[in-house]
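Colleague: Given chain A's structure and the hints, the job is docking chain B with the ligands onto it.
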Amino acid sequence: MTDALLRIEGVSKRFGGVIASDNISLEIRPGELHAVIGPNGAGKTTLIGQLMGEIGPDSGKVVFEGNDITVLPTWQRGQLGLARSFQITSLFLNFTALDNVALAVQARSGHSFHFWRDARRLPELRVPARDALARVGLAGREDVVVSNMSHGEHRQIEIAMALAMQPRMLLLDEPMAGMGPEESARLVETLRELKQELTILLIEHDMEAVFALADRISVLVYGRVIASGAPEHIRSNAEVRRAYLGDGKKKAAGGHG
Amino acid sequence: MKTIFTVRNVLVFGLLAFLAVIPAYADVTGNTFIMTLFTRIVILAIAAVSLNLIMSYGGMVSFGHAAYLGIGGYAVGILAFEGINSGFVQWPVAMIACGLFALVTGALSLRTRGVYFIMITLAFAQMIYYVGVSLDRYGADDGLTIYKRSNFGSLINLSNKTTFYYVCLVTLFATMYLVWRLVNSRFGMVIQGARSNDRRMRAIGIPTFRYRLVCFVIAGMMCGLAGILLANQADFVSPATMHWTRSGDLIVMAVLGGMGSVIGPVVGAVALLVLEETLPHIIAVVGHFVTGLEMTAAREYWQLVLGPMLLLVVLYARGGIDGLLRGGRRD
Ligand SMILES: Nc1ncnc2c1ncn2[C@@H]1O[C@H](COP(=O)(O)OP(=O)(O)OP(=O)(O)O)[C@@H](O)[C@H]1O
Ligand SMILES: [Mg+2]
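For the protein sequence lines, the chains are A and B, in the order given. Residue numbers are given in this note's numbering: position 66 of the first sequence equals residue 66, and the series is strictly consecutive. Residue numbers are given in this note's numbering: position 25 of the second sequence equals residue 25, and the series is strictly consecutive.
Quick caveat, the hints were computed from the structure, so don't treat them as lab data. Please note: incorrect hints may appear among the correct ones.
Cβ pair distances, simulated, as ranges [said to hold, decoys possible]:
#1 B:LEU312 x A:SER150: 33 to 43 Å
#2 B:ARG210 x A:PRO123: 19 to 29 Å
#3 A:ARG168 x B:GLY307: 54 to 64 Å
#4 A:ARG168 x B:LEU15: 50 to 60 Å
#5 B:VAL115 x A:VAL145: 22 to 32 Å
#6 A:GLU189 x B:LEU312: 51 to 61 Å
#7 A:GLY140 x B:LEU15: 36 to 46 Å
#8 A:PRO39 x B:MET127: 46 to 56 Å
#9 B:THR245 x A:ASN148: 36 to 46 Å
Virtual Cβ for every residue (Gly too), placed ideally from N, Cα, C.
In isolation and in its complexed conformation, chain A is listed as follows:
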């Protein structure tokens, strides 16, 4: 019980008449890649928002490494080692790719009340930022202004920024959204490497990727966790198939019995 890295206890959230989180309880164990799947509007992004403190739950608790972080501000969660990526790309568009990632490195290297030295000439920021970009396959693209980069590259920078924070846990919100098949395949490889060293909560619609990567899968429908368990278990769960996997119509689900 207590060995969970992140524990979500009975988290609920309503937006007017919409129940976005309905008494969600989940445990993410250290080192696992836990996927959360569910149809559009199921409340996946809202869940991440509550884990990062951007949205306050109406009730319930979020516990990270044994500490109750339910009311902690977002930036402190970042300092504690929670790093998210955004479903809708959210970058510093007028900065270069390297500047974007270097800012994330800066965030974890103490306060930023340093007024004099040129931040772009500090190897302690630039070198790790370069490494993070290389890791997601963007070596050579460091000095391109982000607004001039492709959607796929934006998705990769999203991951690089989260990585550059050297987090304890990654919260990835549909990292493959809008990526071509080739880019997706490369990202799957990157994530496969990352799961060796990091705990990951992955929200993804790409079932192929989810079933290839996940140690465990939770299914969210109308804000409620209707099933949670090993991939084989989810694949064969009748309720899940009815509610979400479309009873064999979708490729990944159809592959099994």
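Modeller: Relative to the frame of chain A, chain B with the ligands by itself:
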């Protein structure tokens, strides 16, 4: 490699060099008016550079920046009135007063964004304007005459026009250098990041509010320095110094000159104030040439000409004059 001898860089350097030789020019030609005008321009350029720090790098569009001109000026004026003439006392007191005003108003207004931020900074500036108007002991809305300029003993004599001009110019250059270091430092990256995407800043673990507040205070104190100089130049300070139209002028300087660089607001200050001085004459002369009539009355309408000119710059040259010279590129 990029050359540094671009048209823009040559012109910028030319402008700075031009500012540096104004006293010599005034001396040779005996034109004292140009000294007075350019001392004012240099001082207001300091204010515009400080506004540019929060406005274009920090995304904090303050419509109350002239408040610091007033607070800086009144601190000098009131201390002088009470018999304290030492600059070593006046200047720090003035800057601390500006810093405190920025700290309090910033702490409240930085919780808002966009139009709300503009309105709330305007409201605070109007508040301090009416405080000035109500200071009966210090001249109320007639203002306060300063009989002796800040005294720095044998160190420097501010009553000498040339000396005073160079004090202002060195202050301007120092301010520009400081802002330039600041915006490229780690602090500056946070400030710019918070303008660009505050949500992401918080997600990567940076509490943006405190950095923006510190930036707001730094800009307020820099502008306070301009207020100190302005009061010393005019030997006078009045509520009009911090009227909202003056805050508007500072925004116009930054936008006109170009918000994408540290030098932009200086270009804007020179352009705006020189236009203000010369447009009435130009209108009269051109009007006379076109219509053949005596057009001195038309001088009054120079603002009608300036307004559309500014509008054109805003609409068609987003980077201001400096942006035009650089062909739309930004640092
Ligand atoms: N700020 C908000 N105000 C009102 N309703 C909201 C808000 N945020 C989300 N919702 C609603 O809550 C529900 C869950 O939204 P959420 O974005 O979490 O779904 P999701 O599972 O991430 O969907 P998708 O797969 O499309 O990304 C939706 O019905 C959505 O309309
Ligand atoms: Mg979503």
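Colleague: Does each hint hold? Answer for all of them.
Modeller: So, going through the hints one by one against the coordinates:
1. Separated by about 35 Å at the C-beta atoms, B:LEU312 and A:SER150 satisfy the suggested range of 33 to 43 Å.
2. Between B:ARG210 and A:PRO123 the C-beta distance comes to about 27 Å, which sits within the given range of 19 to 29 Å.
3. For A:ARG168 and B:GLY307, the hinted distance range of 54 to 64 Å is satisfied, since their beta carbons lie about 57 Å from each other.
4. Between A:ARG168 and B:LEU15 the C-beta distance comes to about 53 Å, which sits within the given range of 50 to 60 Å.
5. Taking the beta carbon of each, B:VAL115 and A:VAL145 are about 28 Å apart, inside 22 to 32 Å as hinted.
6. At about 53 Å, the beta-carbon gap between A:GLU189 and B:LEU312 stays in the expected band of 51 to 61 Å.
7. A C-beta distance of roughly 39 Å is found between A:GLY140 and B:LEU15, which places it inside the suggested range of 36 to 46 Å.
8. The given range of 46 to 56 Å is respected by A:PRO39 and B:MET127, whose C-beta atoms sit roughly 53 Å from each other.
9. Roughly 40 Å separates the CB atoms of B:THR245 and A:ASN148, a value that falls within the hinted 36 to 46 Å.
Comparing the model with each earlier hint shows no violations; every hint is respected.
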